[in-house]
Amino acid sequence: MLSHLRALEAESIYILREVAAEFARPVMLYSIGKDSSVMLRLAQKAFFPGNIPFPLLHVDTTYKFGEMIRFRDWYPRSIGAELRVHTNRQAIAEGANPIALGTSRCCSLLKTRALLDALAEGGYDAAFGGARRDEEKSRAKERIFSFRDQFGQWDPKNQRPELWSLYNARIDKGQSIRVFPLSNWTELDVWHYIHIENIPVVPLYFAKVREMIVRNDTLIPPEHNVIPLLPGEKPQPVMCRMRSLGCTPCTGAIRSEADTAPKIIEELLRFRRSERENRIIDHDQEGSMELKKREGYF
Amino acid sequence: MLVAETRPSAAVSIEEFLEQEASKELLRLSTAGSVDDGKSTLIGRLLYDAQGIYEDQLAGIRKSKVNRSTGPIDFSLLTDGLRAEREQGITIDVAYRHFSTPKRKFIIADTPGHEQYTRNMATGASTASLAVVLVDARNGVLPQTRRHATISSLLGIPRLVLAVNKMDLAGYSREVFEQIRADFLAFAGGLGFAGMLAIPVSALEGENVARRGTGMPWYDGPSLLEHLETVPVAGRRFDQPLRFAVQYVIRPDQHFRGYAGQVASGAVRKGDPVLVLPGGQRSQVASITTFDGEMARATAPDSVIITLEDERDISRGDMLVHPEALPQIARHFEAHLVWMTDDPLAKGRSLLVKHTTQQVSARVQSIESKLDIHTMVRKPAPVLELNDIGIVRIEASRPLFFDPYRENRSTGSFILIDPLTNGTVGAGMILTAIDRRAAGAGRVTSSERQARNGHTPALLALANPALATRLERRLFDHGCQVMAMENSEAASALRDAGLIVIGSAFEDPRAVDLNLLPLPKDEEAAVDALIAYLEQQGILFTDRFSSGEGI
Ligand SMILES: Nc1nc2c(ncn2[C@@H]2O[C@H](COP(=O)(O)OP(=O)(O)OP(=O)(O)O)[C@@H](O)[C@H]2O)c(=O)[nH]1
Ligand SMILES: [Mg+2]
Chain Y
5 MLSHLRALEA
15 ESIYILREVA
25 AEFARPVMLY
35 SIGKDSSVML
45 RLAQKAFFPG
55 NIPFPLLHVD
65 TTYKFGEMIR
75 FRDWYPRSIG
85 AELRVHTNRQ
95 AIAEGANPIA
105 LGTSRCCSLL
115 KTRALLDALA
125 EGGYDAAFGG
135 ARRDEEKSRA
145 KERIFSFRDQ
155 FGQWDPKNQR
165 PELWSLYNAR
175 IDKGQSIRVF
185 PLSNWTELDV
195 WHYIHIENIP
205 VVPLYFAKVR
215 EMIVRNDTLI
225 PPEHNVIPLL
235 PGEKPQPVMC
245 RMRSLGCTPC
255 TGAIRSEADT
265 APKIIEELLR
275 FRRSERENRI
285 IDHDQEGSME
295 LKKREGYF
Chain D
133 MLVAETRPSA
143 AVSIEEFLEQ
153 EASKELLRLS
163 TAGSVDDGKS
173 TLIGRLLYDA
183 QGIYEDQLAG
193 IRKSKVNRST
203 GPIDFSLLTD
213 GLRAEREQGI
223 TIDVAYRHFS
233 TPKRKFIIAD
243 TPGHEQYTRN
253 MATGASTASL
263 AVVLVDARNG
273 VLPQTRRHAT
283 ISSLLGIPRL
293 VLAVNKMDLA
303 GYSREVFEQI
313 RADFLAFAGG
323 LGFAGMLAIP
333 VSALEGENVA
343 RRGTGMPWYD
353 GPSLLEHLET
363 VPVAGRRFDQ
373 PLRFAVQYVI
383 RPDQHFRGYA
393 GQVASGAVRK
403 GDPVLVLPGG
413 QRSQVASITT
423 FDGEMARATA
433 PDSVIITLED
443 ERDISRGDML
453 VHPEALPQIA
463 RHFEAHLVWM
473 TDDPLAKGRS
483 LLVKHTTQQV
493 SARVQSIESK
503 LDIHTMVRKP
513 APVLELNDIG
523 IVRIEASRPL
533 FFDPYRENRS
543 TGSFILIDPL
553 TNGTVGAGMI
563 LTAIDRRAAG
573 AGRVTSSERQ
583 ARNGHTPALL
593 ALANPALATR
603 LERRLFDHGC
613 QVMAMENSEA
623 ASALRDAGLI
633 VIGSAFEDPR
643 AVDLNLLPLP
653 KDEEAAVDAL
663 IAYLEQQGIL
673 FTDRFSSGEG
683 I
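Chains as they are written, first to last, in the working numbering: chain Y, 5 to 302; chain D, 133 to 683.
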């Protein structure tokens, strides 16, 4: 492998092992996306020839793409990983959706609340996330071992110093650490690694003709049809792919011909816009990612 | 990450491009300097000019309500990503940004200048191999500049760039730049950087940031980016001895027992003899296992699994080394320490030491000295306060296996954790093991001498013989080890023995020239002024001199 990716891989494996050694009940947040796929492969590598010594947890909002759910139910099991799924049933029963509640309240119930409940129920003291520092400006500030108080909240003004690769894993009961083994990876590194390692990812990342609602520059997936159609609007076939995966109402597709990892990489190099741009949720207000993260979102 | 101008051309396949891309060298750098000197603005400007910013991110900043700069775009907002940072207009915690040019990849740690957040600056600097220290051309070198440069040097960052910023507000004056450069070199020259370069810049105008500007035709050196693209990156050293700290034991079944860890330094081959610390048993490497198959040889920083020929009781915290190249093994050691919490560190305090994959309880045996950031002199001190840099002696409850930090960043570094608050309260860089019998016995150290004498050693150049005699008498009466004499060579030797030597002139560059001081005519008053100056310079320890009778 090329030296740069090899160094990133070695660092991530080191982080994964530190957590397994220092915490009683770690869990890996599995979001089914490309970063989770890379993180999962790194976990396989870290504990080979043993099994991954912690479960995966998917927080299911019920608004995920069908293709994501199919992938989730197939791939982790095929490599012997244990997957747990948690949904905020009560909120769903009360009809939570981004149109009715607004994206920020919807996320807060179906993602943040659900996540915090799942972590508390499982008694997990460390949770891995696949976030990268190059994704977003508040993520650029995050430690690799990021402390959370007993309410699962982040205090970005008062983070523990983190020098070298000496990670402080000390916590009191009820507190936890979020761990980000991919902190130093870029979007390009992730695709490059997926390519050379041949890591399976959800097919939605690859371009193909799909039915989309075309509204100005935005391609809205019609699945889980909560977004009301405007008069005369109906889904039409578009050659497109997803650059990042989330809930269908809040994730737009991009027009693209890139149907292989190398073509995606080529496309990335031409991009002048960030990968989170077609995510509606980061944009609803200035600093919204930070606010969500403070509340306990990943 | 954005890759400026590095799109594959039609002639190059994407595979070839990726290969080139991945074989580019990586330079990790961190910013440093006092609050508001323009660190974040400089990094924002660099990213902008090197096309390392996405359009939607730029649009977000253009739209922002906050703009503290005098230009159309407040570049500091590119790294100051927290709400509190935007509201207060300062950086609070380190931000990591990636960017890439056709020549190199970079990870930039933009750190805070505010003294309160020095710990976050140290966080960013601990993984950097180049420090960009900023100075505001209007303010010159400040105590925080010295603190950051010192921390950068203690952390073993080999290279430093002094960026004299806001040259637009100093009329792009060559004199201003030269003066700051000289002031900076006067103290940083002794910090041991392998390479230093001073560049006059305007982060706001982009002068000498990614391109050479027109504002300073007198400057003929490289722009910051040109320098970053060409400065030698310290290559990985394979000649270091093997250090492999066991992180985790992998035992899927009765047949396999593997020790998982990262090669911290050196290399290991299948068949190599190894010694297991702390037990001292010898064995041989049976295999180097990975998910991708067995390896014949692993080198730093590979994460691998090692199996040994013999069944051994090895667990996390143990270390595999080459039997012929042992680290130091000791419970007592001396280290540089940056103290990072409000509650001062006093001798006797119990803490946890996290070092490689060990975590052990420990006690601070003594505080040997603390660095006075105003004078850059080490003095005895009863405690280390928040952001102080000192030398301490630590006693651990179990032996640690380490190398001096300047030889090995992985096995020479440790953090201190407060067992009550769980906070990370100190960052340490090991100097050497202390033989327990030698502590308080054996060779007398320079700091022991200073503690007894109440002053540091010094050579004081004073041409007026009458004044020299009076100063000698005054210092002597106050218990100093002092001698007025004219033999320059002997004077240097006496200085090494801890004395203050007064003479008309010295060849030794360490001499302090008192002749240039403006002194009152009256000789007694002149001696008073000299004593005050020596106190201010940290040569005479204040607690001993001012607060007693006599002076
Ligand atoms: N005129 C002028 N102003 C500058 C220049 N560089 C920075 N500034 C201004 O100086 C102020 C401080 O800039 P920052 O970039 O936030 O300083 P900093 O060093 O990052 O501050 P901390 O991170 O809080 O320590 C802002 O108002 C900038 O617009 C420059 O080259 N020229
Ligand atoms: Mg700043």
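Treat the hints as calculated values from the structure; they're not laboratory data.
Quick caveat: nothing in here was measured; it's all calculated off a predicted structure.
Cβ atoms here follow ideal geometry from the backbone N, Cα and C, with glycine treated the same way.
It cannot be assumed that every hint is accurate.
Stated by the list, open to error - Simulated restraints, written as ranges between beta carbons of each label pair:
1) L552/D / V218/Y: 56 to 66 Å
2) Q220/D / V218/Y: 41 to 51 Å
3) V218/Y / S196/D: 39 to 49 Å
4) G411/D / R81/Y: 34 to 44 Å
5) L233/Y / T346/D: 48 to 58 Å
Each hint, compared with the structure:
1. The beta-carbon spacing between L552/D and V218/Y, approximately 60 Å, falls within the hinted interval of 56 to 66 Å.
2. The given range of 41 to 51 Å is respected by Q220/D and V218/Y, whose C-beta atoms sit roughly 43 Å from each other.
3. Take V218/Y and S196/D: their Cβ atoms lie about 31 Å apart, and the range 39 to 49 Å is violated.
4. Checked against the given bound of 34 to 44 Å, the beta carbons of G411/D and R81/Y, roughly 41 Å apart, stay inside it.
5. At roughly 57 Å, the beta-carbon separation of L233/Y and T346/D lies within the given 48 to 58 Å, and the hint holds.
This entry does not satisfy hint 3, going by the numbered hints stated previously; all others are met.
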